[in-house]
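Protein chains: 2
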Amino acid sequence: MPAEARNFFQTARKIVCVGRNYVAHAKELGNEVPKEPVLFLKPPSAFLENGGKILVPQDAEVHHEVELAIIIGKSGRKISPDAAMDYVAGYAVALDLTSRNIQTEAKAKGLPWTVAKGFDTSCPIGSFLEKDQVDPQDVTLVCAVNGQVRQRGNTKDMLFPVSVLISHISHKMSLSPADVILTGTPSGVGPVKPGDFIEISLEGVSRASFSVGEDA
Amino acid sequence: MPAEARNFFQTARKIVCVGRNYVAHAKELGNEVPKEPVLFLKPPSAFLENGGKILVPQDAEVHHEVELAIIIGKSGRKISPDAAMDYVAGYAVALDLTSRNIQTEAKAKGLPWTVAKGFDTSCPIGSFLEKDQVDPQDVTLVCAVNGQVRQRGNTKDMLFPVSVLISHISHKMSLSPADVILTGTPSGVGPVKPGDFIEISLEGVSRASFSVGEDA
Ligand SMILES: [Mg+2]
Ligand SMILES: [Mg+2]
Ligand SMILES: [Mg+2]
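Chains A and B, in that order, are what the protein sequence lines are.
For the first sequence, our numbering gives the first residue as -6, with consecutive numbering after it.
For the second sequence, our numbering gives the first residue as -6, with consecutive numbering after it.
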């Protein structure tokens, strides 16, 4: 695997996110369970490293969504589900922070989700994990806020597993080394406020933590 | 200005696009004139260089949208409109190719525009132009299909001028050298089909042309 994948924080040219990939989360937001993966993008300017400070934008009601991140290791397009795992360099634990009020308004107006999903620090992410450190379809995702567990779910409950996500995305846009895919969040999403302390983990494998401030 | 801006094709980490920035185009699609710029992203995997072949995705009704592209020259966030032009490295002529049927369905369902806007080759773009080669608020954009002019509009008709766009975007996400901003399209958008030949220009300054094939 190329060094650029391990160094994804500096080199990734896209972050592709999957929405509604856990039935319980789709339902908690009142959304239909999708027939194919819902895709959107965050810009690489959204990355925040372990230990960093989340900046809540003014007038935003930001929600935490803990997710398994896939780091892509080689270039491909129109990849079959059978071949998809060969394109994985590694994994990380991540948050898909979402300005829920702005997203809700965008959805109602048929407008893009970009502003709700793409603000600076909206993609806090842990360190690179080698592929063999994680079982992508049997790892527990945990998000705790101020020491209280808010989200706890296992990747075995994904609607579309990692191999299907990689295949599907690669039919919509080419994948390149260091590209990052966020694979959706289990239920339990909720607010993140200035002063909070957020801890996320792939249980028993990797953890990362973040303080929260205001983007004054 | 850093070399990476001139080399944006290889180095850009985001492409920020502005929708509905010309009143006549907003109206031709039956959309409201927005109170603030509508923003969405294309991934850098969407770039196509001058002379390349546009690949129309299966089941997609792709439309041409000729636009002025801004190439960012230095890092910034929360830039004031007064300072905004200092962040411009140069310009290019570009197409924001759009799978209109997929976008229309996404809008109706409140889903992201990403698949409609982000397919490979959906951002054909001309060569880097130095800042002093272009008057960003008085240049004529032209798009011709098979020798027939389909779009012809002047950037003086932008709803939000370049300085306001840069300022607005930089309040939503940081800008970095080589980032590309597509500034919206004048009226006259229409279909692009396999076998077509597309020519786009900043009249009297720069031109680029593309063949069209099928993404079989
Ligand atoms: Mg989007
Ligand atoms: Mg999510
Ligand atoms: Mg456009």
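Among the hints, erroneous ones may be present.
Identical chains share a label here; the pair holds if one copy fits it or two copies do between them.
What the hints assert, rightly or not - Here are the simulated lysine-lysine pairs, DSSO-like style, with alpha carbons at most 30 Å apart: (1) Lys186 x Lys124; (2) Lys20 x Lys102; (3) Lys71 x Lys186; (4) Lys124 x Lys102; (5) Lys102 x Lys67; (6) Lys20 x Lys186; (7) Lys124 x Lys100; (8) Lys67 x Lys100; (9) Lys20 x Lys67; (10) Lys100 x Lys20; (11) Lys46 x Lys100; (12) Lys28 x Lys102; (13) Lys71 x Lys46; (14) Lys149 x Lys102; (15) Lys28 x Lys186.
Honestly, the hints are just simulated from the structure, not real lab data.
Quick rundown of the hints versus the structure:
{"no.": "1", "hint": "Lys186 x Lys124", "in the structure": "neither (33 Å within a copy, 42 Å between copies)"}
{"no.": "2", "hint": "Lys20 x Lys102", "in the structure": "both (21 Å within a copy, 16 Å between copies)"}
{"no.": "3", "hint": "Lys71 x Lys186", "in the structure": "between (40 Å within a copy, 21 Å between copies)"}
{"no.": "4", "hint": "Lys124 x Lys102", "in the structure": "neither (40 Å within a copy, 36 Å between copies)"}
{"no.": "5", "hint": "Lys102 x Lys67", "in the structure": "neither (37 Å within a copy, 33 Å between copies)"}
{"no.": "6", "hint": "Lys20 x Lys186", "in the structure": "within (24 Å within a copy, 40 Å between copies)"}
{"no.": "7", "hint": "Lys124 x Lys100", "in the structure": "neither (35 Å within a copy, 37 Å between copies)"}
{"no.": "8", "hint": "Lys67 x Lys100", "in the structure": "neither (34 Å within a copy, 33 Å between copies)"}
{"no.": "9", "hint": "Lys20 x Lys67", "in the structure": "neither (35 Å within a copy, 43 Å between copies)"}
{"no.": "10", "hint": "Lys100 x Lys20", "in the structure": "both (16 Å within a copy, 20 Å between copies)"}
{"no.": "11", "hint": "Lys46 x Lys100", "in the structure": "within (28 Å within a copy, 34 Å between copies)"}
{"no.": "12", "hint": "Lys28 x Lys102", "in the structure": "both (22 Å within a copy, 13 Å between copies)"}
{"no.": "13", "hint": "Lys71 x Lys46", "in the structure": "between (37 Å within a copy, 18 Å between copies)"}
{"no.": "14", "hint": "Lys149 x Lys102", "in the structure": "between (34 Å within a copy, 28 Å between copies)"}
{"no.": "15", "hint": "Lys28 x Lys186", "in the structure": "between (34 Å within a copy, 28 Å between copies)"}
Violated hints, in rising order: 1, 4, 5, 7, 8 and 9; the structure is consistent with all others.
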